[in-house]
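Input sequences plus hints: build the corresponding full structure.
Following numbering that gives the first Met the number 0, the numbering of the sequence shown begins with 0 at its first residue and continues without gaps.
Taking lysine-lysine and the BS3-like style, the derived pairs with C-alpha atoms no more than 25 Å apart in a straight line are:
| no. | residue 1 | residue 2 |
| --- | --- | --- |
| 1 | 87 | 8 |
| 2 | 36 | 8 |
| 3 | 74 | 36 |
| 4 | 8 | 34 |
| 5 | 45 | 10 |
| 6 | 87 | 36 |
| 7 | 8 | 45 |
| 8 | 74 | 8 |
| 9 | 34 | 74 |
| 10 | 10 | 74 |
| 11 | 34 | 87 |
By construction, these hints were calculated from the structure, which means they are not laboratory data.
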Amino acid sequence: MPLFVLVCKDKPQSLDLRMATREEHLAYARGQMDKMKLGGPILDDKGDMAGSIIVLDVADIAEARAFTENDPYSKAGLFGSVDILPFKATLGQLG
Numbered sequence: 000m001p002l003f004v005l006v007c008k009d010k011p012q013s014l015d016l017r018m019a020t021r022e023e024h025l026a027y028a029r030g031q032m033d034k035m036k037l038g039g040p041i042l043d044d045k046g047d048m049a050g051s052i053i054v055l056d057v058a059d060i061a062e063a064r065a066f067t068e069n070d071p072y073s074k075a076g077l078f079g080s081v082d083i084l085p086f087k088a089t090l091g092q093l094g
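Quick look at the structure:
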């Protein structure tokens, strides 16, 4: 079964919205740790958060889509785009 990588890019000039929603997003993510293998922010060239990458271990793309649709960041309208990609880990380890 593949993993799924979510590549979520924030809308331009939305750092304030990200920060206002961050604690709710982190609480949601902590509640999903049985599905999450890895997660964290994408940084822009100034070092500010500008998106998210999340690696999920879920049954199918529908479950990965549901994960992101229920994320407070998505519900707040933060993301300009969300790509969900099947992924097979070949090198290294995800804890």
